[in-house]
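Visitor: Chain residues, written in single-letter form:
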Amino acid sequence: MDRRKFLQIMGLVSGTTLLSSCGSESNQKELISYLVPPEDGVRPGTAAWRVSTCSECPAHCGIKIRLREGRAVKLEGNPSHPINRGALCMRGQAALWRLYHPERLRTPLLRQGNGYQAVSWEDALDHIVRAMSEASAQQRTNMLLSGSTTGSLAALQERFAEACPVTRLPEFEYFSHAALRQAYQLLYGRPVLPQYRIEDADLLITVGADLLETFVSPAGYTRQLATARHDHDLHWRHIEPHLSLTGANADQRLSIQPASEAILLLWLLQTLADSRRYVGQLPPQLRTALPEISLDRAVQATGLTTSRLRDLANSLEKARRPLLIVGGIATAHGAGQQTALFGGLLQWLLTAPWQGLDFTQAERPERIGDLRDLQQLSDTLRGGAVGVLLISRADPLRHAPGDWKFADNLRRAGLSVAMADIPDATTRAVDLVLPLTHGFERWDDVEPRFGLHSLIQPALAPLHETRSEGDILLQLQQRLTGHSESGNYETFLQQRWRKQFSASARHNFFQHGHVVTAPAVTDASLRIAQTAVVLKQISLPTPLSTPVAVISGSIRSFDGRSAALPLLGEIPDPLTTITHGTWIALSPHTAKQLGVSDSAELRLTSGGFDLAQPARLQPGLPDGVFSLPVDSLISGPPGIDPATGEALRVIGSVKAERTGKQLPLPILSGSPSQQGRGIIPKPIHRDKNHHAEHRALYPEPAYRQYRWAMAIDLQQCVGCGACVASCYVENSVPVVGRRDHLKGREMSWLRIEPFYDDQGQVSFIPMLCQHCGFAPCEPVCPVYAAYHNPEGLNVQVYNRCVGTRYCSNNCPYKVRRFNWWQHEWAPPLDKMHNPDLQKRTKGMMEKCTFCIQRIRAAHEAAAKENRPIRDGEVIPACAQSCPTGAITFGNRLDPDAAVTRIIKSPRTYRVFEGLGTEPAVYYLRPN
Amino acid sequence: MSHESQKTSAPWPKRLIRLAVLGYFVLFALLVVATGFLRGFFTPPASQPIAFPHTVHADKLGLACDFCHSGVEQEASAGAPALSLCLSCHNSIATDRPEIKKLLEYERRGEPVRWERLHALPSFIHFTHQRHIQAKLTCDACHGAVEQMAEVRRVRSLDMGWCVSCHREKGASRDCATCHK
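Note that the protein sequences, when read in sequence, are chains E and R. Residues in the first sequence are numbered from 14 upward in steps of one, following this note's numbering. Residues in the second sequence are numbered from 59 upward in steps of one, following this note's numbering.
For the record, the hints were derived by calculation from the structure and aren't laboratory data. Computed from a predicted structure; not experimentally measured. Using N, Cα and C, we set each Cβ at its ideal position, and we do this for glycine too. You may find that some hints are simply not true.
Derived pair list, reagent style SDA-like, types lysine to any residue, alpha-carbon separation capped at 25 Å [said to hold, decoys possible]:
(1) E:K42 to R:L74
(2) E:K42 to R:A87
(3) E:K42 to R:A152
(4) E:K512 to E:S499
(5) R:K159 to R:W173
(6) E:K855 to E:P579
Which chain E residues stay away from chain R? Per the calculated CB distances, all over 10 Å, these [stated by the list, open to error]:
(7) A168
(8) G396
(9) E873
(10) K877
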């Protein structure tokens, strides 16, 4: 044996020794047997579904909870639910993050000095009872303040308040729609919000009402708008002072002077009441009571041109079924009352002929108060007249204007108690915190609309030592009075349901998650006399002087309540693509005048209002308007409108200045412009001839039975980001946080790209792995981790991947994501992990798989029955959640499949078609 | 011979290098031997909490596999039988045997039996019994003649090469994504 041979052999031996000791058989799981198999038991590897109701906002969409091995892993919209019909917004998707939030309140906490100490439930309840009895002895009042409550819990609260006795305060919601409810109270004698028949309208004019973001029932409205646009030609115009996602998606957006909506509506009302079509329809008493306004005055106040105004009035007169919806930002300023009233009257005039309003199934905010009620509470607290204040599911401290000194006043209460699931400003200020069970851990019901009862069904046993609000109230009542409605809340519900519903209705209730009982027939006729009296007293508002700051609701955090959910921080704001941060948006022109660019700190002051946040240039925003999401406010709103009790969300005469500081702001979009690349092409870009004929170096992939493909209709897509959130949860995409986002290391498999044209018009395009026929990522992978599968998917085999990132560099769509870290899922977040997927580790590349786990499940179901997969059997998570139904998925080789039909549309194109990548994602360009 | 004398008279630093190289390989050779010994020494035989004799149940009594592993035909996981199934017989049969006493003890404590898992696949693998049974594979193709084993052990490697060889032979899917999650 020569030396060379010896070295070779020894090298081989030592190498194999090392390799063979790699991989171990430790960490093998146990096989645990049941004691007794439960009837509907957990079958390992099989998913079970529970119908329930989302409680992230007062809309209460119907959901289905997917359970794997006893853990809730995914939410989907319940297709049979009348509110959302299968849609689910990003906040709904994030509800699981609330359930598994690592900072969930786990035990009752009692204030000790500056900190809190965990106490037992018995001690906590005893403490409250003692304080309540003491307060009664001292002639102080005990009070209950809760967030929006309906259904059985509302009934229980009333009985509790009566028995104990406790004063039940008007409920607290930041978006209280108080001005609207007052207007409807005046006009119809009903302080509720009717159903707007959007699907039957042919012209929709929305004034300030952000239907797609926070207005009453966003997922439901988005679905209704999409259906209306799909079924017939709904023309939709949106009027607002700033730029919202809703405005960006309307067929036409009109920018109006801030706080001048009332004048516009009055002029329209006057013009239409005298028009040929509507003449004589407005009762003469009301017509004469209306203040007069000239066209010139309207033009001057609203900033719209004469022709624009005439065109608006003409289109309303011509439309067969016109509908007007006023709300949101339009009623959240000093002229909110007039706006709501003129809007309500005009709405009545337009919809009365075709019954465009439905009061039978109206939304139920009638127990909700407004900020005036909260101010009164603050004053009562200051006077020391409050014994125990129970606050439930509400965060008044976050939303009380700073000059009320609410936190200081709260300390004068005998005992302040907050019931909540995760910490917020209120739980950090009270004396005692009671942790509540999440909606997925308890039985309950809600009645968001008259006669619509929606079931809240537990999906898993409580994760922590929490109790439901119903149980807490019952136990308090038992201790205080020696008697309660029933032993526990579940029995209370059962008794109530038995009384409320027939046996068949109960069956439907549990089966489909909701039941509709016949609503009382209601009189919704105009109350002319009362209205005329108010109209005579009304004064015309003066518009606010520019520059103004507009505080908008947020599609990501609603009124700020969802801001604590890490998933929603990770998903970009649709218009600005900012994640993990707060900002002030301003038009590029205004930014130039002020000398600021993205991320430069900007300070806004106006009276007592003072705010400094990084700037973000927002094309399409009118000059002189600063738009900021509600999260950007550090404390509550700058003030309230004394006439309506709504928060002031439009602030005039703002002084803006540059502070000179730069604040890092994670902005995910590289550019607001398409840079002429035709990603969302105008018809002119359809000229394919400027690209040479495509010749492949590699053999054509041969597909036998399936070629999975996706069609995305950009005409329908509104950029709401529900698909993004759905993808995150379904695929357990890691949430990496602000620091990684600042480095451009986001992990989202699916992103929404907003692109602005020169006029500030925005179009959205969801961008995900295109599953190219000739995928540039595949041939560059040195280890065959990225490969083309026989069904057309670009599969990434995670445990082959060695992290060269060649694939990502070669991908023209930039959809591959690299794990820079071993991403930790802090318990109990790890329970949310989808067991159908592998946990990716540091150094692995990942990307959209077209939800291959769902394709695999369909394959298995089909193989069991010896048939091919049916069309519509595989619905990826993004398509399922999409409120507009813009995404269709299916087998392109099946001539009858919906996707095959849709991609025959003349609007179909593929992104960067000239590269010859043959993507499987087909986009339908907007008209 | 002059050649050899030349070698022995090599300067000592060179000898030291040679020694180091040799030492390196000897160390590896020793490691190979040591791992071989220690592996056998430290890995205890998979001991089950109850010495369940498949020989009695599957062979002598002739119970079908899916009598106890009932998920095998319809589900991904074949599953271990519930304690209640064991007790449906052993409430009255052979209750004096020490292993059955252990079983009854589990029931009394209301504690599930935690069996040692012998056929666990890595977490990144999607495997379903249902498809394999549907393809008319018998249990012993992968699990061996369990009815002959007093104490069940794993007889197949369950590594990727072994899976793929069978998939190739039977003409089953060889797409990575069939098994890799």
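Visitor: Could you run down the list of hints and mark each one as holding or not?
Guide: Hint check:
In summary, the hint linking K42 (chain E) to L74 (chain R) is not supported, as the alpha carbons are separated by about 50 Å, beyond the 25 Å threshold. The hinted pair formed by K42 (chain E) and A87 (chain R) fails the criterion: a straight-line CA distance of about 34 Å is larger than 25 Å. For the proposed pair K42 (chain E) and A152 (chain R), the alpha carbon gap of about 30 Å is over 25 Å, so the pair is violated. A C-alpha spacing of about 15 Å is found between K512 (chain E) and S499 (chain E), which places the hinted pair at or below 25 Å, so the restraint holds.
About 17 Å separates the Cα atoms of K159 (chain R) and W173 (chain R), which keeps this hinted pair within 25 Å; it holds. Restraint check for K855 (chain E) and P579 (chain E): the C-alpha separation of about 21 Å stays at or below 25 Å, so the hint holds. Against the 10 Å criterion, A168 (chain E) stays outside the reach of chain R, whose nearest CB is about 38 Å from its own CB. At roughly 57 Å from the closest C-beta of chain R, the C-beta of G396 (chain E) stays outside 10 Å, upholding its exclusion from the interface.
The Cβ of E873 (chain E) sits about 6 Å from the closest Cβ of chain R, inside the 10 Å cut-off, so the non-interface label is violated. The claim that K877 (chain E) is not at the interface with chain R is violated, since a C-beta of that chain comes within 10 Å of its own (minimum 7 Å).
Checked against the numbered hints given earlier, this structure breaks hints 1, 2, 3, 9 and 10; the rest are met.
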